[in-house]
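Construct the complete structure from the given sequences, taking the supplied hints into account.
Number of protein chains: 2
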Amino acid sequence: MTDATVPRPAVLLLSGGLDSTTLLALAHKQGFLLHALSFRYGQRHKLEIEAATRSARAYDVARHVVVDIDLATFGGSALTGSGDVPKDRALAVDQSIPVTYVPARNTIFLAYALALAEVTGASDVFIGVNALDYSGYPDCRPEFIESFERMANLATRAGIEGRRLVIHAPLIRMTKREIIELGVTLGVDFAATTSCYDPAPDGAACGRCDSCQLRLKGFAEAGLTDPARYAPAAAR
Amino acid sequence: MTDATVPRPAVLLLSGGLDSTTLLALAHKQGFLLHALSFRYGQRHKLEIEAATRSARAYDVARHVVVDIDLATFGGSALTGSGDVPKDRALAVDQSIPVTYVPARNTIFLAYALALAEVTGASDVFIGVNALDYSGYPDCRPEFIESFERMANLATRAGIEGRRLVIHAPLIRMTKREIIELGVTLGVDFAATTSCYDPAPDGAACGRCDSCQLRLKGFAEAGLTDPARYAPAAAR
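Sequence order for the protein chains is Y and F. All the letters of the first sequence, read from the start, carry residue numbers 1 to 236 under the numbering used here. All the letters of the second sequence, read from the start, carry residue numbers 1 to 236 under the numbering used here.
Simulated from the structure, these hints should not be mistaken for laboratory data. Among these hints, one or two may not hold up.
Derived coverage of chain F by chain Y (criterion: at least 3 residues anywhere in the stretch with Cβ under 8 Å from a Cβ of chain Y; other residues may be distant) [said to hold, decoys possible]:
#, segment
1, 59-68
2, 106-116
3, 143-154
Think of the CB as a built atom: it goes at the ideal place given N, C-alpha and C, for glycine as much as any other residue.
Quick look at the structure:
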């Protein structure tokens, strides 16, 4: 922050998951005036929006915008279509692209963030992508974020006016364990976050999809118990 | 085309205006199997979608997808907000950004096009942007398109799999006159296209907004009469 008395506006992509909520806590601590942006995108995990709304309130954002986008009409992903979310599989160690990859999702999310940055006068955009846990997703890699930032500075009024847009992805090289440990130091209420790709109707996490497995592994490695609510093992 | 017997799929951004309809005719002639993509984005000129649908049928596209996006919730442009569309002003010769600029619009449109390209297996995306007539729009410049293409190849499955995504913007350095002349040689029905930022309820163009003025100037320079329907001068 160049001037501690006037908070700088920033746009923050908020899914309601563990990563973006930790990101929210981090950007809030850095003193930004936050405009949180969430998406309903035909995904199964609509509980994310409720979690995002709770976190947005908890961190006193200037505005929380929820945008409906209909990627389901395009098809192409287990998270937006009618395909089954994979369960109980070994966490991917290869470089193949998971079936839960949503085509061009982060490009679309960041494009909307750019529009919101333009109208709010923000030069800073925060996104909670992670390259380690999602190594199969092309749009979670550092080189994608860097390239998007270059493009963004050509795409917008900010670029023409000499104001430099910065895409912040501070979690991108962290392990899930490190993100959880950062969240703990920032006081994040992880019970209020949701990560499951396929939660029960009552909101309980399945504990078996890739995202649940990654999360549970992260808490285990940090020597902590995940406070999120999981479906009883018998019901899984 | 590398193989004349198997049409290559391509995604084409289609607004129903003069430029994108000429683009459609051009890509159709080049033999691509076209997936046309249009947007309802809270704009006043909803007649564009009807024009786009007519043109999509006329050029026998494989699929015409219309996506609703709500840029109006963001504010920031005369085309999506409640501000007045400027009339009768001298066409801009300076580099200032017009009030009709929609923040990050082409970035958002191209991001969706990228998603559709992913699910249809297309490596080619067509966009009818023009740098000369819209010199004040940052996202109509060649350097923006080139930068988006670089980013797109990092963002998607195509890039990871070594298939190269190409963003085609063949009209980008053409004058309106040249685009009209190209359209004429391709047999485009310009009467079916719509360009007006503020048409009358019956669909007649105002003849006075920047877009109408540019169009009328282009037809005049080409020595042609614009077949589009304009409001009577007395009603303007």
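How the hints compare with the structure:
{"no.": "1", "hint": "59-68", "in the structure": "holds (count 3)"}
{"no.": "2", "hint": "106-116", "in the structure": "holds (count 9)"}
{"no.": "3", "hint": "143-154", "in the structure": "holds (count 8)"}
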